[in-house]
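Chemist: Between the sequences and the hints, there should be enough to build the whole structure, so can you do that?
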Amino acid sequence: MIHFREPLENVDRPQMEAGVVIVGGGPAGMACALRLAQLIDEHNAAHPDAPLSKEGILVLEKSREPGQHCLSGALLDPRALRELLPDFEKEAPLDAKVTKESVWFLTEKGQHRFPIVPPPLRDHGNYVISINKFVQWLAQKVEEAGITVFTGFAGSELLWADGRRGPETARVTGIRTDDKGVDKEGRPKSNFEPGYDLRAKITILAEGTRGNCARQLIQRLSLEDPNHAQTYGQGIKELWEIPSGRIAKGEVRYTLGYPLNSREYGGSWIYGISDTLISIGYVTGLDYQDPRTDPHHVFQSFKEHPFARRILEGGRMIRYGAKSLPYGGWLTIPRIYGNGWMLLGDSAGFLNAQRLKGIHLAMKSGMLAAETAFRAMLSGDSSAAALSAWKTAVNDSWIRDELWRVRNFHQAFEHNLLEGMISSAIQQVSRGGNLGPDSGNRAGHLRMQPLDLIGPPDLSSTQTIGNARGDGQLTFDRLTDVFHSGTRHDEDQPCHLVVQDLNICTQRCTHEYGNPCRYFCPAAVYEMIEAEGGAGSELRINFTNCVHCKACDIMDPYQIINWVPPEGGGGPNYDGM
Amino acid sequence: MFGRTSPGVLCGLDPVRYTLAGMKILVCIKQVPQKDAPLRLNEKGTWIRDDASWETNEPDAYALEEALRQKEKHGGEVAVVTAGPARAAQVLREALAKGADRAIHLEDDRFAQLDAANTARALAAAIEGENFDLIVTGLQSDDFGAAQTGVLLAEILGIPHATIIIGIEKTDTGLRLKRELEAGHYQYIEMPMPALLTIQSGINKLRYATLIGIRQAKTKPLRKVSWADVEGRLSKHMQRIERLYVPGSQKTTRRIEAPAAEAAKQVVDYLKNEAHVV
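So the sequences go chain by chain: A and B. Residue 57 in this note's numbering sits at position 57 of the first sequence, with consecutive numbering throughout. Residue 176 in this note's numbering sits at position 176 of the second sequence, with consecutive numbering throughout.
By construction, these hints were calculated from the structure, which means they are not laboratory data. Even glycine gets a Cβ: it sits at the ideal position worked out from N, Cα and C. A hint or two may mislead.
[Stated by the list, open to error] Listed below are several chain A residues computed to face chain B (Cβ distance under 10 angstroms; list not exhaustive):
1. Thr148
2. Lys189
3. Arg316
Modeler: Listed below in structure tokens is the structure:
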């Protein structure tokens with residue numbers, strides 16, 4: 001019997017008043033906090049008689065130390081950072097300036113270099129970074145600026161003023177943090193610490209892709225347009241130490257094609273962090289049809305292609321991580337403000353799918369939100385009307401310029417790769433437009449096909465379906481990889497992957513989709529085991545493996561898996577990733 | 001030179017002091033590489049690379065918890081001390097957030113690999129004149145595992161110590177302690193204060209840092225001690241790790257084909273002259 005995590009009832013919860021609570025300490029949340037601190041400093045310098053305090057600004061981060069749950073390639077477009085900290089080049093942890101770039105199309109055995117690097121993938125002026133070190137550095141800046149980052153605290157649920165559900169009328173009044181010290185049966189342990197109710201004038205959700213509070217908000221207020229639903233990709237990444245001379249420091253390579261076939265969306269990156277250290281990864285669109293597709297397997301197969309093998313052979317994998325990213329683009333961004341709330345960064349979908357970059361957009365969204373939040377702090381008005389200034393600021397900023405012209409990019413690839421490339425070429429010259437109306441976009445899990453429609457696997461997709469077995473040198477099974485993610489959770493706590501109806505797993509999903517949770521999870525969390533007494537099979541959830549990627553929450557065809565935060569501090573440890 | 005010269009006498013003469021003023025407790029904490037995380041050797045092969053993830057040494061976390069509980073019961077003060085590079089401040093912040101009152105950081109990269117005896121000398125120098133009633137620390141560190149620093153510190157301070165403690169009870173004259181022995185056996189001892197105890201993991205249930213605690217930690221005092229401040233107290237003779245390596249797999253099986261008596265002889269011969277184990 002699996003006991004799922006839920007907030008404890010009848011608990012006397014500590015209350016805390018706050019001005020602004022930022023949920024999530026990634027690039028968006030940290031940039032927001034830092035900009036807010038700058039504005040307050042400027043204000044206090046100009047108005048020493050009526051200073052504003054930073055005491056009431058809180059950043060919550062569920063990882064044990066800042067940046068440990070952040071994962072990206074990562075390439076940084078420094079545009080937002082330059083605005084935030086003009087002298088960043090002197091002190092930010094930037095591994096390398098991009099020196100060289102190329103784009104390749106892979107067939108099963110061959111590789112074809114694109115004659116030119118398409119303009120969106122030109123990365124001169126960008127930096128190869130470790131997003132973990134980068135966010136650690138931002139966190140230090142935030143702390144130095146006088147704002148406290150509370151690590152090890154997740155936002156578990158939003159607090160609401162009342163039962164209103166209209167986007168214009170409902171009010172978010174704060175956030176509840178995670179209960180700590182609850183055993184696996186859901187009972188308080190002797191060191192139980194109930195979650196706080198943080199009563200905030202403004203709650204800023206910067207939880208990253210598919211944030212759990214953002215999801216509550218979007219569902220409760222029906223913010224997602226089903227015709228422009230957010231779509232996601234699943235990024236799998238490893239860090240490798242390799243013999244020198246194979247790739248230059250600051251070199252960037254992208255590939256399309258193998259091991260995915262032309263019906264599926266995805267591609268790889270290889271970034272030279274130094275002469276002997278690379279970031280390598282593969283993004284698979286979470287809108288594939290075959291439920292047996294395993295994005296982790298796709299990445300392992302990519303490494304076996306001569307293109308990657310030549311770089312990796314004789315090297316050593318040192319770290320692993322997996323995370324989903326939103327790439328539906330501008331048209332899928334839901335409403336981003338309301339009474340007492342704002343939605344930032346990847347939680348809203350501020351990511352450029354064409355350039356595969358979102359850090360700069362996340363940061364900029366945070367900086368603009370900070371300006372609106374600052375004015376709300378001054379005026380005391382945090383109503384939807386007041387916070388709508390943020391949406392206006394986004395529309396007037398380079399965020400919209402950049403995202404508007406690629407608004408149809410991912411959607412163009414929905415049918416196949418060739419069509420996508422043609423459409424994106426048209427969009428390139430027409431500043432983002434199609435030859436007709438803008439494309440619609442349905443949720444990716446809706447494209448998953450039942451097994452009886454899809455039939456047995458054809459030979460061209462064996463490299464993408466089922467779990468990878470790994471040879472232990474170049475390729476790895478999921479458990480070996482998870483070990484390299486540094487993931488750790490207290491075992492004596494309820495399961496934080498809340499499956500609303502376990503009967504669906506065994507009575508419907510097994511026959512209809514073959515339990516795809518066994519494949520889309522890159523951390524081997526879900527297993528079908530023989531049921532006790534030998535009566536069929538049942539689901540086992542190894543939640544302590546969970547790397548917080550959210551793929552299950554996104555891709556489960558019945559949408560019955562609800563990812564909620566485990567006890568704060570648990571999760572992967574992406575130090576150095 | 002360090003601490004009180006005749007702790008027993010002081011303790012015996014003035015037991016009331018502890019009840020009135022509470023206990024002044026020091027917790028020695030070490031930052032160690034995160035357990036279960038993949039580790040890599042540094043280039044010289046003398047230690048692991050510094051880009052590991054770090055955390056509080058687990059037995060030290062229990063020592064801190066025990067100190068906080070004693071303070072909650074008897075009043076007083078809990079100070080925490082660590083010796084390590086700048087990154088080690090993390091374990092102090094965590095301790096302050098959980099309720100320690102102040103922190104001392106012997107901050108220098110050289111402390112990271114300092115041997116147990118010299119670490120104890122450095123700690124003793126850093127707390128000179130503080131006169132703690134009780135010093136607690138984990139029974140050993142998860143990285144070096146020497147289990148020496150605590151007891152050496154007691155020796156330098158001239159105070160009694162006890163190791164592998166899994167129960168502490170303050171009495172009118174000092175402490176009643178429960179030590180863990182082998183195979184489920186325990187030893188109960190009485191001890192005067194001041195004293196130093198090394199604590200076994202599992203003695204209590206660790207608390208969580210609270211939001212309020214983290215906020216309050218910001219304003220608590222943190223005293224820094226530099227290498228130069230304590231260098232004069234260190235020995236000129238320091239231990240150094242010459243080489244650290246991952247043991248290679250050397251498993252080979254030799255099959256002895258002979259009648260039993262002869263085979264036994266050969267086995268004994270092997271164990272004596274080649275394996276050198278008998």
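Chemist: Run every hint past the structure and note whether it holds.
Modeler: Hints, verified against the model:
no.: 1; hint: Thr148; result: holds, 6 angstroms
no.: 2; hint: Lys189; result: holds, 7 angstroms
no.: 3; hint: Arg316; result: holds, 9 angstroms
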